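For the sequence shown, position 457 (counting from the first letter as 1) is numbered 478 according to the numbering used here, and the numbering increases by one without interruption.
These aren't lab readings, by the way, just hints derived from the structure by calculation. All values reported here derive from a predicted model rather than from experimental measurement. Where hints are given, some of them may not hold.
[Claimed, not checked] In silico DSS-like links for lysine-lysine, alpha-carbon gap of 25 Å or less:
1. Lys342 / Lys311
2. Lys32 / Lys166
3. Lys418 / Lys384
4. Lys360 / Lys384
5. Lys384 / Lys78
6. Lys483 / Lys395
7. Lys384 / Lys335
8. Lys463 / Lys483
9. Lys470 / Lys305
[Said to hold, decoys possible] Label-pair restraints from in silico Cβ distances:
10. Ser196 / Glu77: 55 to 61 Å
11. Tyr243 / Ala72: 32 to 38 Å
12. Arg25 / Ala72: 37 to 43 Å
13. Phe468 / Glu199: 52 to 58 Å
14. Lys395 / Glu325: 16 to 22 Å
15. Arg157 / Lys483: 34 to 40 Å
16. Pro381 / Glu325: 38 to 44 Å
17. Lys483 / Gln518: 51 to 57 Å
Using N, Cα and C, we set each Cβ at its ideal position, and we do this for glycine too.
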Amino acid sequence: MDWRWSRANPKDIVRYVNRNAANLVRLAENRYDLTQKFEGRRQLIEAIYNALVNREKKVRYALEPYHPSKAFQLIRTPPEVLDTPGEGTCLDLAILFCGLCLGNELLPLLIVLENHALVAVSLTHGLQGWDAPDRRETELFRNEKPLTDIEQLRELIDSDIYLALECTGFAQSESLSESETEGAGRINGFLPFDRAVAAGREQLDRPDRPLRYAFDIAIAHYGWRIEPIEIPKPDVRYTPEIDEVTSPNSTASQNTEVISPPQPPPTLSTFEFEVVAVNAQGQKIKCCCKQAQYFIESLGGAVELEVVSIPGGKFQMGAPKDEEASQEDERPQHLVAVKPFFMGRYPITQAQWRAIATQPEIKRELNPDPSCFKGDNLPVERVSWYEGMEFCERLSKKTGREYRLPSEAEWEYACRARTSTPFHYGATITTNLVNSCGQDRKIRSRFFKGTYARESNGVFQKETTQVGNFPANAFGLHDMHGNVWEWCADYRHEGYQGSPSDGSVWLTNGNEAYRILRGGSWNSPPSICRSAFRSLDNPSNSNNQIGFRVVCSFA
């Protein structure tokens, strides 16, 4: 498909920046101490830049001039820039780099000059703080307009709030003149990182390249609500990173897909677990042992997926008006009859993700290592809805059973586990029971309590924790509150009027631009981790708070 930016609508350019570009480029290192605001973020920016320079398939700088008089500018997609024969104009390269920064929890500015484009990246804030009250940039872009004052842009960079970067430096070019800002200092056709930083700042002083627009991508996406365009799959003419060699007599060479036959329901085993309940002070008032049935799916090597039997039943979905912090989209409460199904005992872990992400592609590529917080037994995060669906399809093909994302009704039924309180633990939660934010916080003049009822404040881990670290609910499921948000299959609906009464996925009359998220995360206050709380996001989006778990049904 052609990406065509219409200059009649300058803001449209931010649609071509997609954080999922980060799935196309693996960094040499994957964790940086971003609490060290300036140094940690500079190291991460340099790692992204060097990952592009050091790719086996080099990106080339396409010396096509920017034509301000043209009505449209063609944009190369990230796969087109990165894959053989990869090349990109300064604008293509800047869009790619913005996407890589956003996907690695950084805050980029896309800067369009006369006949050139480059990027600046925040050294003081990360993506989770895009709307923090102490961000000066929030005021600069408050009126939903790009920044056009070059002096304000220079001030952001000269005061070390931002790091400017000449993005053409990571693309090979041996024909640029040393007299050009982006040509001076190239080694083997590339600009060293420090020289790319210096060149980025120098571009802003060139009288022949006045500033046309600068966009804060996070503010444009999340504040102005400009939806990014989904990154298309690479064109078939490109050579994949790893060529798979098959026998001339193999079914693959004959373009014949081998489908695993449907598997019968598995033999179930029983496991025991402890269930706790707490009062409004967060004190344990009940502790008992329960049993549930489950089966184990082998994913290869020592990696296994535990899948728990969820009995069918009826429940009241949603929250009553007198439930503390409840929202109107959680109403009207309504009776739902849910058929029996199976659900992952835990959110999908990074080891499980890697085992399936390395299986053959069905509809889209998967990054085997997308997560911000690293650990085999930590939940995978930075996974979009589309990527979660791809995982389910690959898992289904590997196992012969049909795996999918849960419906929103199935998720809430499984979370509540026959409770009707705000949490399956009871009247409240504490950080001894859930990985959530147990500290009071003020974000953009809004106050978020670290407590829900009358319990004391807890801790704020600021990262995911190993799955199964906290007590299960009465169905034997762990981490249904907090740790990571979990995707559901449903479209977004304003409330429950007209919703299915059988627990099925709700797609009719919904907003297909958004999908449902449930459960809250490590970064959420307790009120947002309630069983009934509903959130949403664009299905292409991902961040270090979003994961998922799978369900499976048998006829």
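* To do: Go through the numbered hints given earlier and state which of them the structure violates, listing their numbers in rising order.
  => 1, 4, 7, 10, 11, 12, 15, 16, 17
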